[in-house]
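Going line by line, the protein sequences match chains A and B.
Per this note's numbering, the first sequence starts with residue 19, numbered consecutively.
Per this note's numbering, the second sequence starts with residue 1468, numbered consecutively.
Simulated from the structure, these hints should not be mistaken for laboratory data.
It should be emphasised that the depicted structure is a prediction, and the values quoted were computed from it without experimental measurement.
Accuracy of the hints is not assured; some may be wrong.
Listed next, the in silico SDA-like pairs over lysine to any residue satisfying Cα-Cα at most 25 Å (straight line) [stated by the list, open to error]:
1. Lys1644/B x Asp1475/B
2. Lys1644/B x Arg134/A
3. Lys1636/B x Thr1592/B
4. Lys1644/B x Pro67/A
5. Lys1482/B x Ser1517/B
6. Lys1636/B x Val1616/B
7. Lys20/A x Ser1620/B
8. Lys1636/B x Ala119/A
9. Lys1636/B x Ser1490/B
10. Lys1644/B x Glu1521/B
11. Lys1482/B x Pro1604/B
12. Lys1644/B x Pro1604/B
13. Lys20/A x Gln1648/B
14. Lys20/A x Arg37/A
15. Lys1636/B x Leu155/A
16. Lys1644/B x Pro34/A
17. Lys20/A x Ala1632/B
18. Lys1644/B x Gly132/A
19. Lys1644/B x Ala1630/B
20. Lys20/A x Leu1515/B
21. Lys20/A x Ala1630/B
22. Lys1636/B x Glu1588/B
23. Lys1636/B x Leu126/A
24. Lys20/A x Ala32/A
25. Lys1636/B x Leu139/A
26. Lys1482/B x Ala1581/B
27. Lys20/A x Asp1492/B
Covered stretches of chain B (chain A as the covering partner; in silico rule of three or more C-beta atoms under 8 Å from a C-beta of chain A) [unchecked claim]:
28. 1475-1484
29. 1510-1524
30. 1594-1608
Note that the Cβ used here is the ideal one computed from N, Cα and C, for glycine as well.
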Amino acid sequence: MKTQALVEWLSRGAGPAPRHAVARRLLPAAGIGVLFSAVLALTLIGPIPASLYATPVPWMKLGYALALAAAAGWLTAALSRPVARVVRPRRAVLAVVSAMALLGVAGLLAMPAGDRLAALLGHSWLACPWNVLALSLPALGAALWAVRGLAPTRPRAAGFATGLLAGALGAAGYSLSCTEASAAFVAIWYSLGIGLTGALGAVWGPRVLRW
Amino acid sequence: MLDDASPDDFESGLKPLWLRAQSGDEAAYREALGRIATRLRGYLRRRLQSLPDEVEDLVQETLLALHLQRGTYDPTVPVSAWVLAIARHKLVDLWRRRGRRDDRHDALDDVDEALLVAAPEEGETRRDLGRLLQQLPEAQRRAILLTKVEGLSVEEASQRTGASASAIKVQVHRGLKRLAQLVRMERA
């Protein structure tokens, strides 16, 4: 086939370009991801006592996870297009992580020095990052699949952003099962789990995000 | 179509056409893709001096990718930068399949539209898209043949096949996606 014939062919009956192509692939993947992580957390690990919902404990974690998911989703959307405009979404990701870190530091400073280590490590610091990572895997699969159907031209960066998004969604699910109360715990161990998922995305990105 | 103007003029001529094409103007889309094809050819000829036989095939593969991904175009970005980023991606993909490492000095999104020189005269292809079309599933192939080759409207194609208009649209899109996959697989 001649190239000019292909041009005729592609334009014939082409109609308008699909609108909101990026959101229409990413949002359903994110929805599936957060649903899976919530269901897995509630069934495999078990729910936190309902009384905790009257305290700020789960809301702080959910707020952090969902704010980070929004920022990382914005970054992923940017990196799903050729010529990615990443400056502002990257700033948003850093702002969310920094805000949580500040909250953690403020919480530590407000308590007696002797309690700080216990607040930092809680009773589950060893398990938390791995749980977040494990609960993020369905979201990571769904989101990588979504991004692969778009046009990422920087696969490693796009994979990392996708991993952060998935990690944040996994953390949102985990917050339904996690009884840790201190902001410092969340700032460190949740962020570590999300970062691990990001690293996994960066490793898989160049392999998976081919088109 | 014979556009020897400078790259800035290329962008300023292309952008309004492209925006009209994005909102559904078919004639503008045809004209824009035609102009883009001549620039892609010039760009890829320079970058593929060791593989001149691949140039026209890669032009076609890039056009197919542009079409499938036109929904990812962001109007705040120059069209030529967007086109170039996709062309680079396809070029790196070709090198990788040929077992060569990426040119690491050549950042993927580094956009220099001066690279898009015009080359209107078409070269030979090694692969025939028409032949690859035969490998598509029946429904997809038929939807493409009716709307793209015979030039029927979606409604006419729907009447001819008994499938709904939205099903025809989906089959065309899936078929073109599948075609793009076959193109990549065949080159591997």
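- [ ] Hints the structure violates: just list their numbers, smallest first.
- [x] Violated hints: 1, 2, 3, 4, 5, 8, 11, 14, 15, 17, 18, 21, 22, 23, 25, 28, 29; rest satisfied.
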